[in-house]
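With the sequences and hints as input, model every part of the structure.
Chain by chain, the residues:
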Amino acid sequence: MATVTDVRTQERVSTGAAIWSWITTIDHKRIGVLYFVTSLIYFLVAGIEALLIRLQLATPDGEILDPDLYNQLFTMHGTAMVFMVAMPMAAAFFNFLIPLMIGARDVAFPRLNAFSYWTFLGGSLLMHSSFLFGQAPDGGWFGYANLTSKEYSPGLSIDFWGLGLLVLGVASVAAALNFIITIINLRAPGMTLMRMPVFVWMTFVTSFLIIFAFPAITAALIFLEFDRLFGTNFYEVAEGGDPMLWQHLFWVFGHPEVYILVLPGFGIASEILPTFSRKPIFGYSAMVFAAVAIGFLGFSVWAHHMFTTGMGTIADAAFAGSTMLIAIPTGIKMFNWVATCFGGRIRLTTPMLFALGFLTTFLIGGLTGPMLAAVPLDLHFQDSYFVVGHFHYVLFGGLILALMGGVYYWYPKITGRMMSEKIGKVHFWLMFMSMNLTFFPMHFVGLDGMPRRVSTYAADMGWEGWNMFISISAFGIGLSVLVFLHNLVVSYKKGEPAGNDPWDARTLEWAIPSPPPEHNFDEIPQVTHRDQVWYDKYGEGHGSAAELSKVDTSVAEHAEEDEEHDVHMPNPSYWPLLVSAGLTIAAAGLLIHILVAIFGVAWTIVAIYAWSLEPASDPPNEH
Amino acid sequence: MSTEAAHTDEAHATTGHYVRIAIILTILTILEVATYYVDIPFALLIPLLLVLAGMKFALVVAYYMHLRYDSKLFSGFFFFGLTIEILLLIALMVLFGIRSG
Amino acid sequence: MSDAALAHEAHEEHPTSTGLNHRKILMWAFLGSECIFFGSLITTYLVYRGKSVVGPYPGEILNIPLTSVSTFVLLMSSLAMVLSLAGFERAAGAGTDEERRRSELKKGRFWLLMTAVLGTGFLGFQVYEFYEFVHHGLGLTTNLFGTTFYVLTGFHGTHVGVGVVWLVSLLVLSYFGKVKPLDVELGGLYWHFVDIVWIIIFTLIYLIPS
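Protein chains in written order, with my numbering: chain A, 1 to 623; chain B, 624 to 724; chain C, 725 to 934.
Watch out, some of these pointers could steer you wrong.
Under the rule of at most 27 Å between Cα atoms (straight-line distance), these lysine-lysine pairs were calculated in the DSS-like manner [said to hold, decoys possible]: (1) Lys-425/A / Lys-279/A; (2) Lys-775/C / Lys-830/C; (3) Lys-150/A / Lys-831/C; (4) Lys-775/C / Lys-831/C; (5) Lys-748/C / Lys-695/B; (6) Lys-425/A / Lys-494/A; (7) Lys-422/A / Lys-279/A; (8) Lys-695/B / Lys-904/C; (9) Lys-748/C / Lys-904/C.
I should point out that these hints are in silico values taken from the structure, not numbers from a laboratory.
Next comes the structure, spelled out in structure tokens:
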């Protein structure tokens, strides 16, 4: 299958043309790669920020960072990890995999997809450009009013944050709309909703959460920016405004956001575990309905972030109750994953190790969830390192480990080469051990009263031992990321050729060459079963190895016929990039001068017209 | 109900049908505005206004936006968003009511 | 924002899993999302109702008769919108009957123009209303009422403005034969949505006394 790669690279030899082809690409696979590489860069940036924070906290009365810089670092670490690492890296998987998994040639709106990526890039660059001016956002990723008001945060730091997030929100909603419609409308014949891979379902639910949760933070951010730029009174206490409004709107978005972050991890684990247990996912429909239930309940729990704000006992009890309800669907998923492995013929490959690592650490993060949902406990835990430990177990354990597993699992499909298993196992064990050693002790110092978001602590608090331990472990995570990068690069050049289906896997993407041709499928597959590729290989039961060759030969035959199939792919376009650029300029203009903002809006309007008048593809001649 | 499919192309696309809806909408608006001039007890006024607005909303959504005849999927998207928002609105009004009361 | 830009994105001739058009689902999903956005603005207005520490207060300044007229204008624009769509649909369904096609297309264009005119009329009322309020001492930053009122109705007005531009663009494009009934339908869905948001705003902000 390496021949496919060679043919593709030979087509584009000149670097200028290659770069141009990436700029104008509307191929979901290339956009997926762009998302992945960009989010990986932000992962390194935000990771370095975390290590600087840990350097500062390694010793009491640390003097490495001054409090101002410390605030900027923890704010940007949180904001970047959520909006510029977790979400876009999940989007990278959505982009690359969703059309392949449902048997489509691209997403429903390929140019809108490119627009989502460029807008994400624009928004994230806008926010990070604040470092150049020494005015990085410093109000926390939650940006509580009225700390973010002009009075308490003069300068532009919060504006970089607010406007950057507004632009990122546009990108997220556009991408989510695209995936919803792709999944609804571009499924291959026979791919009913209940035959879709679980990963597709998780993407579906995640996208719904995005389109219904983001408008709340959009409104809250617009209020914030109106307050800061035009002097309105939304969060002005002296004028009767109420900072609680920000907290409510932020968490109405913020809690569904938690599921937006973690459901893609669920989806990835739900693909890896069955493949390496050689069993179908246990309780498929329960998995689907549990995810839908989590999506619904996710909108009813936001105020559990606000127990200490004095909402009154009735409200506290209601939100504690709805929060604990979420443990039920999550528990269903947990047991189903375990049951998927139970009795299976387990192969402990690197992706499988990461999926199992996900299972165990997410369980710990999940269990501290109901502890925090209990109001009396939460009043004690609030703003302590216990909370930091909890959500890092959920997000690092629940998402990053799953994403890492996903990279190892799909890397062969994306590049045509296997990642090194040997380095992969070193990476897994180093990362898994270090992350547990980093985040577990945070629960102890948290229970001991160590506050989060504070740049230092006194020597007589008795926290220095654990903090030194945590900081050393954190550098272990850093080291494991370097091992991962090394593996990514080395395997790209020297990895074993992967073939179509290196893992003996189950879903449609494994029936086509690695890397997939631009049009994905020579013929749109007919789907008759869940785990179609597995069914094609083995039928209902476990077949012999002889049957395995069936798929490979059929694909080879199709490849030869390739010339005869007139597959009509949409044309590349640079208008999505230009619309995104216009939006970013408009947002940046609000920081610089109103005329720049007007210029940006005008640019955007012109580019939208050009986009809508540009034909999506050559005039159809095949029908 | 069985004739609903036959309705889709013919009945709802006629000018007369749309004008009839517009007349009902106008009457409802007149009733709404009339509440401003007529003395109605406060406890009655708010439910009355909400019902009138709800009827107008429903008429436009059902007939002008064709949701009554169109795919249930479209209704699903719209009413999911609407329901979440109404519940959030009520919850926040209660929560802020507790704060100030 | 980008809906107009998607005008030619989808391949209408290709079958879809549900038989529904990509862009129409996109429009409805987008409107579902917009519900939350406007809902957040309306909720903010309502939780801050009566919290202003200085005047002018809504009861002193809201002009119910004037707004009733502008509400009616926007309502009638929705009627014009459906009549326009009906015209475009009948024109497309006229088949070989060239005369009928042309007369229906003419009706479609006329009502499209009327929708845009009525929408512009609504915006005119809003500009006048804002102007009057400012003269009565209510600015964007005067008090909580001014802040929440202008931002809510301003964002609604911006949506109306985008809608007017959209409809005029459709009208112009229709002379180049580039407008299908679906294009008008999508613009119409957006337009009616803006109308129903105003139905809610009119009741909650103007009619319910504070």
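Evaluation of the provided hints:
{"no.": "1", "hint": "Lys-425/A / Lys-279/A", "verdict": "holds, 23 Å"}
{"no.": "2", "hint": "Lys-775/C / Lys-830/C", "verdict": "violated, 52 Å"}
{"no.": "3", "hint": "Lys-150/A / Lys-831/C", "verdict": "violated, 54 Å"}
{"no.": "4", "hint": "Lys-775/C / Lys-831/C", "verdict": "violated, 49 Å"}
{"no.": "5", "hint": "Lys-748/C / Lys-695/B", "verdict": "holds, 13 Å"}
{"no.": "6", "hint": "Lys-425/A / Lys-494/A", "verdict": "holds, 17 Å"}
{"no.": "7", "hint": "Lys-422/A / Lys-279/A", "verdict": "holds, 25 Å"}
{"no.": "8", "hint": "Lys-695/B / Lys-904/C", "verdict": "holds, 23 Å"}
{"no.": "9", "hint": "Lys-748/C / Lys-904/C", "verdict": "holds, 13 Å"}
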